[in-house]
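Chemist: Residue numbers (full-length UniProt numbering), protein chains in the order written: chain A, 1 to 380; chain B, 1 to 62; chain C, 1 to 166.
Honestly, the hints are just simulated from the structure, not real lab data.
Computed from a prediction, not measured in an experiment: that's the story for all the values here.
Heads up, a few of these hints could be off.
Restraint-style ranges between C-beta atoms, simulated for each label pair [claimed, not checked]:
#, chain 1, residue 1, chain 2, residue 2, range
1, A, G98, B, L9, 45 to 55 Å
2, C, I18, A, D202, 49 to 59 Å
3, A, W275, C, I5, 29 to 39 Å
4, C, L4, B, L9, 17 to 27 Å
5, C, A56, A, M271, 43 to 53 Å
6, A, P280, B, P33, 22 to 32 Å
7, A, N329, B, P33, 20 to 30 Å
8, A, N329, C, F30, 47 to 57 Å
9, A, T146, C, L4, 11 to 21 Å
10, A, V326, C, F30, 18 to 28 Å
11, B, Q40, A, L151, 25 to 35 Å
12, C, I5, B, P33, 17 to 27 Å
As a list, the in silico SDA-like pairs of lysine to any residue whose alpha-carbon atoms are at most 20 Å apart [claimed, not checked]:
#, chain 1, residue 1, chain 2, residue 2
13, C, K3, A, L151
14, A, K216, C, K89
15, A, K212, A, G188
16, A, K181, C, K29
17, C, K89, C, E99
If you only want the chain B side, here are some residues facing chain A, beta carbon under 10 Å, derived [to be verified]:
#, residue
18, T41
19, I44
20, A56
21, I59
By construction, the Cβ of each residue, glycine as well, lies at the ideal position given by its N, Cα and C atoms.
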Amino acid sequence: MVISRKPLHVIATIAIAILPLFSFANVSNDSVKKEAHEVHVATDANHGEAAEPQDKKAKVDAYIQHHLQDSHDFTFFSDEKEGKHYGFSLPVILIDNGLKVFSSSKFHHGETVAEVDGNFYKLYHGKIYKTDTAGTISYDEHHHPTNAKPLDFSITKNVVSMLFTSALLLFMFIGLAKSYKKGPIPTGFGRVLEPLILFIRDEIAIPNIGEKKYRKFMGYLLTVFFLIWLLNLLGMTPLGINVTGNIAVTICLALFTYFITQFSANKDYWMHIFWMPGVPVPMKIILMPIEILGTLTKPFALLIRLFANITAGHVVIMSLIAMIFVGKNLAADLPISLGLTLFISIIEVLVAFLQAFIFTMLSSLFIGMAVQDHHHDDHH
Amino acid sequence: MYNLIGAGLVVIGAGLGLGKIGGSAMDAIARQPEAAGKIQTAMIIIAALLEGLAFAALILGK
Amino acid sequence: MEKLINDFSFGLFFWQAIILLILIVLMVKFAWKPIMNSIVAREEGISNALLAAENAKKDMLNLKSDNEKLLAEARAERDLMIKEAREIKEKMIADAKSEAQVQGAAMIESAKATIESEKNAAMAELKNQVSSLSLEIAETLLKGELSNKEAQTKLVEKMLGDAKLN
Numbered sequence: 001m002v003i004s005r006k007p008l009h010v011i012a013t014i015a016i017a018i019l020p021l022f023s024f025a026n027v028s029n030d031s032v033k034k035e036a037h038e039v040h041v042a043t044d045a046n047h048g049e050a051a052e053p054q055d056k057k058a059k060v061d062a063y064i065q066h067h068l069q070d071s072h073d074f075t076f077f078s079d080e081k082e083g084k085h086y087g088f089s090l091p092v093i094l095i096d097n098g099l100k101v102f103s104s105s106k107f108h109h110g111e112t113v114a115e116v117d118g119n120f121y122k123l124y125h126g127k128i129y130k131t132d133t134a135g136t137i138s139y140d141e142h143h144h145p146t147n148a149k150p151l152d153f154s155i156t157k158n159v160v161s162m163l164f165t166s167a168l169l170l171f172m173f174i175g176l177a178k179s180y181k182k183g184p185i186p187t188g189f190g191r192v193l194e195p196l197i198l199f200i201r202d203e204i205a206i207p208n209i210g211e212k213k214y215r216k217f218m219g220y221l222l223t224v225f226f227l228i229w230l231l232n233l234l235g236m237t238p239l240g241i242n243v244t245g246n247i248a249v250t251i252c253l254a255l256f257t258y259f260i261t262q263f264s265a266n267k268d269y270w271m272h273i274f275w276m277p278g279v280p281v282p283m284k285i286i287l288m289p290i291e292i293l294g295t296l297t298k299p300f301a302l303l304i305r306l307f308a309n310i311t312a313g314h315v316v317i318m319s320l321i322a323m324i325f326v327g328k329n330l331a332a333d334l335p336i337s338l339g340l341t342l343f344i345s346i347i348e349v350l351v352a353f354l355q356a357f358i359f360t361m362l363s364s365l366f367i368g369m370a371v372q373d374h375h376h377d378d379h380h
Numbered sequence: 001m002y003n004l005i006g007a008g009l010v011v012i013g014a015g016l017g018l019g020k021i022g023g024s025a026m027d028a029i030a031r032q033p034e035a036a037g038k039i040q041t042a043m044i045i046i047a048a049l050l051e052g053l054a055f056a057a058l059i060l061g062k
Numbered sequence: 001m002e003k004l005i006n007d008f009s010f011g012l013f014f015w016q017a018i019i020l021l022i023l024i025v026l027m028v029k030f031a032w033k034p035i036m037n038s039i040v041a042r043e044e045g046i047s048n049a050l051l052a053a054e055n056a057k058k059d060m061l062n063l064k065s066d067n068e069k070l071l072a073e074a075r076a077e078r079d080l081m082i083k084e085a086r087e088i089k090e091k092m093i094a095d096a097k098s099e100a101q102v103q104g105a106a107m108i109e110s111a112k113a114t115i116e117s118e119k120n121a122a123m124a125e126l127k128n129q130v131s132s133l134s135l136e137i138a139e140t141l142l143k144g145e146l147s148n149k150e151a152q153t154k155l156v157e158k159m160l161g162d163a164k165l166n
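Using the sequences and the accompanying hints, generate a full structural model.
Modeler: This is how it looks when you write it as structure tokens:
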């Protein structure tokens, strides 16, 4: 290599380090602005002069809600006053009487109606609805839009983040795999990665699945562990990514574990579910639905806890940062807010690892339950 | 309003459970320091299951 | 719960499933397999090396004990040889001594015999010489006595006197 890699590292580090200065500087973007405006009007009508702090709180609330959701464009930060957004648009893919592909810039962050092939679509709270030319959205009594929703296969922010993370994982671990060709001990960053792999193998896979059968599941466990960990850590960056705090993502991950567990299960496992050995027949009949439900609650616990943990972390951090904007006394609020945010951020870095660890641990535990050989005379 | 009371109850229950798990694990580690790794792993698993339960209750009740 | 169901995006789920599936396949093929294989190979190499070292140590110990055994044997052999040599030496000395004694005794014996015979011979000579000498003395005496008549008579008388006394 002609140029030394060191300066590149330094530049990358600085770039990441100064990101928060831009990213959280403005606590609102435009799709939120609209909502905030509505609230503002409503509160104005109801409470008159007491509206201002209410408005701010609602704005922060809406902003956090917006952050937790997936988005059709990648906005790093926005200028509220001028209505400008800094970021890039992502492709929207809709299935609505045929495939429709267009850029999300057509939505103008929910401000205008996008017209594609004679159909009109509008972005409302992160979801795409089919509307008329004017973009009117009708609501039911629970304030939910009743407009038709086309099937949305867009490459959203979360999909892009996931692709980025996957590429990063491939890059890191293929590099590690290649470094073994040079010698038995990895060089460079591989020295950090290898103990983690050994940790997954020796502390998670082997004790839970068993010495003989663990190898088959190592690929899944390692991939899921590093994917979740990296996505969690990416959520800690101020890029505003919240992938593992998205219910669709965790459902998908849990379903993978569920299917792997069910498909690799041996006869004993099914026996224990449908016809529990060692108990009287009436009990067997009662236990069967409970056990079947049990197989479903396991992945459900898996998906809920990952989702809830990450979401809670994001909400707490963003609420603490929002203290700066909601509070009246900036000099008093700023240090408290920054201190608490720093404290929670450190905990969240730990949680990011812990959640990935627990997801992998529980997955291997469930797999281990399904594949282990039962010794009937030992227990029951 | 009832949601919040329910959430509080869930948190109290989960807190008691976590405290019991943590306390027992500490006792066990104090008794057998050489088995600390295994005890920690088991503790984390049980805590995770409990946490999952608590989160499920919170989210279902929301 | 209602909000969660509302939040669930099928598109995201779809993409996540596809990405995860492809990622797992790619990672298994290009990363985990070679990594795990190298790690396992390295661990086996390490355990083999340890085993080999252990064996070498055992061999060394065996060799050492063999050496010691050999050394002890050699030492024992040397001791035996020395002992034998000493015995031979002592025997030789004893043999030489006894032979010398026997020879000496024989020599002394022969010397004694010689001395005895010499003595006897000398005695015999001496006896002869003494007898001849006494004869000569007697002769000369007789000659001297008989030449003087008076002396002869005196002698005879004396002899007679002695005889009377007897």
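Chemist: So, for every hint listed, does it hold in this structure?
Modeler: Tested hints:
1. At about 51 Å, the CB distance of G98 (chain A) to L9 (chain B) agrees with the hint of 45 to 55 Å.
2. One distance hint, 49 to 59 Å for the beta-carbon pair I18 (chain C) and D202 (chain A), is violated here, with the actual separation near 32 Å.
3. Distance hint for W275 (chain A) and I5 (chain C): a CB-CB separation of about 34 Å, consistent with the stated range 29 to 39 Å.
4. Under the hint 17 to 27 Å, the C-beta atoms of L4 (chain C) and L9 (chain B), about 21 Å apart, fit the expected range.
5. Against the hinted window of 43 to 53 Å, the Cβ-Cβ separation of A56 (chain C) and M271 (chain A) comes to about 51 Å, which satisfies the hint.
6. Separation of P280 (chain A) from P33 (chain B) is about 44 Å and departs from the stated range, judged on CB atoms against 22 to 32 Å.
7. At about 50 Å, the CB distance of N329 (chain A) to P33 (chain B) disagrees with the hint of 20 to 30 Å.
8. A hinted range of 47 to 57 Å holds for the C-beta pair N329 (chain A) and F30 (chain C), which are about 56 Å apart.
9. At roughly 20 Å, the beta-carbon separation of T146 (chain A) and L4 (chain C) lies within the given 11 to 21 Å, and the hint holds.
10. V326 (chain A) and F30 (chain C) have their C-beta atoms about 49 Å apart, which leaves the hinted 18 to 28 Å range violated.
11. Between Q40 (chain B) and L151 (chain A) the C-beta distance comes to about 46 Å, which lies outside the given range of 25 to 35 Å.
12. Taking the beta carbon of each, I5 (chain C) and P33 (chain B) are about 47 Å apart, not inside 17 to 27 Å as hinted.
13. Distance check on the hinted pair: K3 (chain C) and L151 (chain A) sit about 19 Å apart at the alpha-carbon level, within 20 Å; holds.
14. Using a Cα cut-off of 20 Å, the hinted pair K216 (chain A) and K89 (chain C) is violated, with the two alpha carbons roughly 83 Å apart.
15. As the CA atoms of K212 (chain A) and G188 (chain A) are separated by approximately 32 Å, the hinted pair breaks the 20 Å bound.
16. Straight-line distance between C-alpha atoms of K181 (chain A) and K29 (chain C) comes to about 16 Å, which keeps the hinted pair within the 20 Å bound.
17. Proximity of K89 (chain C) to E99 (chain C) is assessed by CA-CA distance (about 15 Å); at most 20 Å being required, the pair is judged to hold.
18. With a least beta-carbon distance of about 7 Å to chain A, the hint placing T41 (chain B) at the interface is held under the 10 Å criterion.
19. Annotation: interface hint on I44 (chain B) holds; nearest CB of chain A at approximately 6 Å, less than 10 Å.
20. Contact between A56 (chain B) and chain A, as hinted, is supported at the beta carbon level, the nearest pair being about 5 Å apart and thus within 10 Å.
21. The interface hint given for I59 (chain B) holds, since its Cβ lies 6 Å from the closest Cβ of chain A, which is under the 10 Å cut-off.
The structure does not agree with the numbered hints 2, 6, 7, 10, 11, 12, 14, 15 stated previously, though it agrees with the rest.
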